[in-house]
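Engineer: Protein chains in written order, with my numbering: chain H, 19 to 474; chain W, 65 to 170.
Hints should not be assumed to be uniformly reliable.
[As the list claims (entries may be wrong)] Calculated from the model, a selection of chain W residues having no Cβ within reach of chain H, i.e. all distances over 10 angstroms:
#, residue
1, MET65
2, ILE66
3, PRO92
4, ALA93
5, ARG96
6, ARG99
7, HIS101
8, VAL164
9, ASP165
10, TYR166
11, PRO167
12, ALA168
[Claimed, not checked] Derived pair list, reagent style DSSO-like, types lysine-lysine, alpha-carbon separation capped at 30 angstroms:
#, chain 1, residue 1, chain 2, residue 2
13, H, LYS423, H, LYS71
14, W, LYS79, H, LYS331
15, W, LYS79, W, LYS153
16, H, LYS331, H, LYS24
17, H, LYS331, W, LYS153
18, W, LYS79, W, LYS163
[Unchecked claim] Each pair of labels, with its calculated beta carbon distance range:
#, chain 1, residue 1, chain 2, residue 2, range
19, H, ILE67, W, ALA168, 54 to 64 angstroms
20, H, HIS351, W, MET65, 29 to 39 angstroms
21, W, GLU104, H, GLN369, 33 to 43 angstroms
Hint data in this document are derived by calculation from the structure and do not stem from the laboratory.
The C-beta atom is built at its ideal place from N, Cα and C for all residues, glycine as well.
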Amino acid sequence: MAAPLKIANASGFWGDQPGAAARLAADQPDLDFLTLDYLAEVSLSIMAILREKDPAAGYARDFVDVVRSLCPFWSAGGRTRVVTNAGGLDPGACARACADALRAAGLGRLRVAAVAGDDVLAVLRSGAGGFENLETGAPLATVAGRLVTANAYLGAGAIADALRAGADIVVAGRVADPSLTVGPCIARFGWPPGDYGPLAGATVAGHLIECGTQACGGFSTDWLDLPDNLSIGFPIAEVSPDGSCVVTKPAGSGGAVSVQTVKEQLLYEVGDPGSYLSPDATVSFLTLRVEQAGADRVRVSGATGRAPPESYKVSATYRDGYKAHGMVTVFGHDAVRKARRAGEGVLRRLQRAGCVYREHLVECLGTGASACGIASRMSDTHLVETVLRVSVAADAREDVERFAKEMAPLVTCGPQGVTGYAAGRPRVMPVFGFWPTLVARSAVAPSHRILDGSRP
Amino acid sequence: MIPLREIAFARSGDKGSSANVAVFGRTPAAYRWLRDHLTEGLVEDYFRPLGVGRVTRYDVPNLEALNFVLAGVLAGGGSRSLRIDAQGKALGMALLEMKVDYPATR
Numbered sequence: 019m020a021a022p023l024k025i026a027n028a029s030g031f032w033g034d035q036p037g038a039a040a041r042l043a044a045d046q047p048d049l050d051f052l053t054l055d056y057l058a059e060v061s062l063s064i065m066a067i068l069r070e071k072d073p074a075a076g077y078a079r080d081f082v083d084v085v086r087s088l089c090p091f092w093s094a095g096g097r098t099r100v101v102t103n104a105g106g107l108d109p110g111a112c113a114r115a116c117a118d119a120l121r122a123a124g125l126g127r128l129r130v131a132a133v134a135g136d137d138v139l140a141v142l143r144s145g146a147g148g149f150e151n152l153e154t155g156a157p158l159a160t161v162a163g164r165l166v167t168a169n170a171y172l173g174a175g176a177i178a179d180a181l182r183a184g185a186d187i188v189v190a191g192r193v194a195d196p197s198l199t200v201g202p203c204i205a206r207f208g209w210p211p212g213d214y215g216p217l218a219g220a221t222v223a224g225h226l227i228e229c230g231t232q233a234c235g236g237f238s239t240d241w242l243d244l245p246d247n248l249s250i251g252f253p254i255a256e257v258s259p260d261g262s263c264v265v266t267k268p269a270g271s272g273g274a275v276s277v278q279t280v281k282e283q284l285l286y287e288v289g290d291p292g293s294y295l296s297p298d299a300t301v302s303f304l305t306l307r308v309e310q311a312g313a314d315r316v317r318v319s320g321a322t323g324r325a326p327p328e329s330y331k332v333s334a335t336y337r338d339g340y341k342a343h344g345m346v347t348v349f350g351h352d353a354v355r356k357a358r359r360a361g362e363g364v365l366r367r368l369q370r371a372g373c374v375y376r377e378h379l380v381e382c383l384g385t386g387a388s389a390c391g392i393a394s395r396m397s398d399t400h401l402v403e404t405v406l407r408v409s410v411a412a413d414a415r416e417d418v419e420r421f422a423k424e425m426a427p428l429v430t431c432g433p434q435g436v437t438g439y440a441a442g443r444p445r446v447m448p449v450f451g452f453w454p455t456l457v458a459r460s461a462v463a464p465s466h467r468i469l470d471g472s473r474p
Numbered sequence: 065m066i067p068l069r070e071i072a073f074a075r076s077g078d079k080g081s082s083a084n085v086a087v088f089g090r091t092p093a094a095y096r097w098l099r100d101h102l103t104e105g106l107v108e109d110y111f112r113p114l115g116v117g118r119v120t121r122y123d124v125p126n127l128e129a130l131n132f133v134l135a136g137v138l139a140g141g142g143s144r145s146l147r148i149d150a151q152g153k154a155l156g157m158a159l160l161e162m163k164v165d166y167p168a169t170r
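Extracted from the complex, chain W is given alone in its bound form:
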């Protein structure tokens, strides 16, 4: 198992009380692996401790990217959320800590 950051980079930001996390493959092979394995369900389970609602995945093949929209993950977001990360700045880094079973031979 390796951390996702070894095969991907990411960017997160807020949209009201939701956030998006874009994940990009570092190589074409890494992107194909992400496309096949990094499902909405997996991401939803991963962010469940933050109270995420529905997770929607958008495929962006021309950028070798997946864009996840995490509904309601910011506990109100904006000026309302009491959390240290009220605007989802850390969510990309958090997702990149996910341990994944990426085959070493690829």
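Looking at chain H on its own, in the form it has when it is part of the complex:
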């Protein structure tokens, strides 16, 4: 039986630890692949807004820094290949920037591929289908004029094709998160389409590592009790030819890979565990076996798969006004009463100024606001300090800008003990509505292109 494929994750989201990839390469030089995930549900809309100000900002530029950080490893003979969705709205531009960075480091021999085909904005705008919102059933027509992005979650096919064509770095846009792992597995093990058992196993492996350190104790219930929880390792999936895997982490890194940490991550952001939908396979988690197979080694096997849905899931976003959050600290006796009253005062001043908000919220952090009304431990009157957080959302940007100017005055017109306002005015942020929908597979044509790295 062929050796397992060693695939690590070095980024669970856009903003994860910038040094992770280089550290993994140094600690575990025998890795076959590094995968890096940058795209949460609304990340592409953020890129769309950045791109309006700077046409070169349609992708996660942090990834180009990751490529630079890996150049010494590759120059010294390292062979780990990289698969990412950092391409965002513009995988071609991201791939070119990577190729430029490689050439500057004398690594023009490495080949960079861009995966295209996920952008279905034109398909949605064509009005060729209902494209109802999967959550609400509402027709797309209600937001069509405000659409910002629409991207299908592609599967692993184009990634596998690029790797088989010799790519060392594959830069995709929107793909299903597990497909970053499934692609290398298909390229190595040659599973044919329809071989849903191993595809399901690899999808589970990809799901387990896609959120970085979360598989190794990050975000776990018993985080405080983990060994060396200040330097939790990034996860490695050793995927076997049958699709089963062992999850582990680099020797010497912190955290733990235990049955508990793996179980927690298995059900992270999962709906029906009997029917986990991915473009490569529909997977049942109900047949999985999870067993400790050594120190910081957990074997995950038994995934069952069946044909994926006939359509691609699409994550579309649309403009939906503006919002801002402002915070000040209130210290002293009756801190919560004072804070709540001060927050109401801000909203009243804005109302008098003629501002109209479709939604507003006053929260007193420290009182259990993260799950307001649930699980409070004690009466608010015992608190000597709270953080007042006031939020507004409006259709008109001016009304949110006015709010941003009304928080700081609490320093002089609010109760004694208002402090912690030094961060400046609240930032006015665009709100993006999330529009999950489906598009026929026939309307999407995933493809890859390998750049000529020898010339600019």
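Given chain H, work out where chain W should sit, using these hints.
Structural biologist: Same frame as chain H, but now just chain W:
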């Protein structure tokens, strides 16, 4: 009465404007107790202050787990929700604070 966290661990995350909370028994006996007592109705009542809609429970016996999907619990979720916990990161911890009547002799 003891807090649920003494017999269970959990993980929560967002899916659009809904969230899921997975609850795992710390022992086989704890899992069986959860399976028999932690009902959809109980969880729905518990999260009602957050405006939760329908709660759906999925049993995952091979992981000694229950997965709850909490429809509409995130007040819009994503970039829309104004709440400090717009993405349901705290919901697992919140559920583990539930006081349960777990028999001491088990």
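Engineer: Take a quick look at HIS101 (chain W) and tell me if its Cβ sits farther than 10 angstroms from every Cβ on chain H, holds or violated.
Structural biologist: holds, 18 angstroms
Engineer: When you check the alpha-carbon spacing of LYS79 (chain W) and LYS331 (chain H), does it fall within 30 angstroms?
Structural biologist: Holds, at roughly 13 angstroms.
Engineer: Is 33 to 43 angstroms right for how far apart the beta carbons of GLU104 (chain W) and GLN369 (chain H) are?
Structural biologist: holds, 40 angstroms
Engineer: Does the alpha-carbon distance linking LYS423 (chain H) and LYS71 (chain H) stay inside the 30 angstroms limit?
Structural biologist: The given pair, whose Cα atoms are some 24 angstroms apart, holds under the 30 angstroms limit.
Engineer: Verify that the Cβ of ALA168 (chain W) lies farther than 10 angstroms from every Cβ atom of chain H, and report whether the claim holds or is violated.
Structural biologist: About 22 angstroms separates ALA168 (chain W) from the closest Cβ of chain H, which puts it past 10 angstroms; holds.
Engineer: If you check the beta carbons of ILE67 (chain H) and ALA168 (chain W), does the distance land in 54 to 64 angstroms?
Structural biologist: Since ILE67 (chain H) and ALA168 (chain W) have Cβ atoms about 56 angstroms apart, the given range 54 to 64 angstroms holds.
Engineer: Against chain H, does PRO92 (chain W) keep a CB gap of more than 10 angstroms to every residue?
Structural biologist: Holds, since 13 angstroms exceeds 10 angstroms.
Engineer: Can we trust that ALA93 (chain W) is non-interface, i.e. its beta-carbon lies farther than 10 angstroms from all of chain H?
Structural biologist: At roughly 16 angstroms from the nearest Cβ of chain H, ALA93 (chain W) sits farther out than 10 angstroms, so the non-interface label holds.
Engineer: Grab the minimum beta-carbon distance between ARG99 (chain W) and chain H and tell me whether it stays above 10 angstroms.
Structural biologist: Its Cβ never comes within 10 angstroms of chain H, the nearest being 14 angstroms, so this holds.
Engineer: For TYR166 (chain W), which was marked as not at the interface, is the minimum beta-carbon distance to chain H over 10 angstroms?
Structural biologist: holds, 17 angstroms
Engineer: Does the claim that VAL164 (chain W) lies outside the interface with chain H hold up, using a Cβ gap greater than 10 angstroms?
Structural biologist: holds, 13 angstroms
Engineer: Can you confirm whether the C-alpha distance between LYS331 (chain H) and LYS153 (chain W) stays at or below 30 angstroms?
Structural biologist: holds, 24 angstroms
The structure is consistent with each of the numbered hints, conforming to all of them.
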